[in-house]
Amino acid sequence: MRKGKATGDDDVPGDVLKLLGEGGLKTLTKLMNTIYESGEWPKDFTEVTMIALKKKTKATKCSDHRTISLIAHTAKIIAKILKRRIERKIEDVLGEDQFGFRRGKGTRDAIGMMRIIAERTLEIDEELCVCFIDWQKAFDRVNWTKLMQILKETGIDWHERRLISKLYMDQKVRVRLDRGETGSVQIGRGVRQGCCLSPILFNLYSECLTKEALDGLGDFKVGGQIIQTVKYADDLVLMAKEETVLQGMIDRLIEIGRCYGMEMNV
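The sequence shown runs 1 to 266 under full-length UniProt numbering.
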């Protein structure tokens with residue numbers, strides 16, 4: 001945790017947490033254990049203040065702004081503990097073609113894989129049809145009920161599921177503007193902006209979506225193995241030898257995507 005970070009709704013600076021003595025750490029640990037056992041988050045931990053920053057000088061629309069979220073630092077610590085507990089099981093579910101938000105992987109690896117596939121296709125003089133998929137505001141459209149169902153099917157312990165569920169169901173957001181703050185509003189979908197849990201939860205969600213949509217589809221092989229996709233978080237590349245096969249994959253992805261609350265930009 002870097003020095004001088006803005007506080008969340010609890011108004012406890014991160015620098016203060018770093019300076020806690022033995023007694024303070026025991027109290028903090030007791031609080032965290034109580035939250036874990038009860039599954040209930042303090043109100044200050046579930047309420048978030050968002051600050052809207054202009055992307056351009058004459059910003060008049062919501063889309064002309066980006067937001068940063070001010071989350072309670074103690075809530076961030078609990079979220080980080082949760083992340084460590086569930087990350088291993090989620091990693092076991094993710095395919096090797098997902099390069100976003102994963103240790104030891106990045107954009108260069110995704111680009112490198114696409115280049116290898118393209119070069120291999122040229123070497124053996126095969127056709128390769130590719131479609132770059134862009135989901136509309138993907139992180140903001142995650143269906144919570146579907147996400148909790150996926151966490152259960154993945155084998156995430158009920159303690160962790162309950163904590164994540166309450167964190168999402170109880171969260172409220174207000175926006176800080178130049179002229180003051182708005183009232184708090186309930187959020188109904190999407191992963192939490194600025195939370196360390198969000199990247200791995202989104203990866204799991206999108207992995208289950210693509211697996212369900214593309215099961216049994218695809219005709220492009222490398223080394224005898226069918227390659228359907230290359231993914232970087234919400235960016236997705238579909239691949240097939242035949243245009244008709246690729247179109248079938250796109251149609252199926254659109255259909256199943258809607259069941260997950262996702263819409264494709266066209």
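Hints were generated in silico from the structure; no laboratory data involved. Some hints could be false.
Stated by the list, open to error - 30 angstroms max Cα-Cα, derived DSSO-like pairs, lysine-lysine: (1) LYS83 x LYS166; (2) LYS211 x LYS152; (3) LYS166 x LYS146.
Pair hint outcome, LYS83 versus LYS166 [Cα-Cα no greater than 30 angstroms]:
15 angstroms, holds
Would you mind confirming whether the straight-line C-alpha gap from LYS166 to LYS146 stays at or under 30 angstroms?
Holds, at roughly 15 angstroms.
Holds or violated: LYS211 and LYS152, Cα atoms, limit 30 angstroms.
Roughly 17 angstroms separates the two Cα atoms, so the pair holds.
Taken one by one, the earlier hints all hold for this structure without exception.
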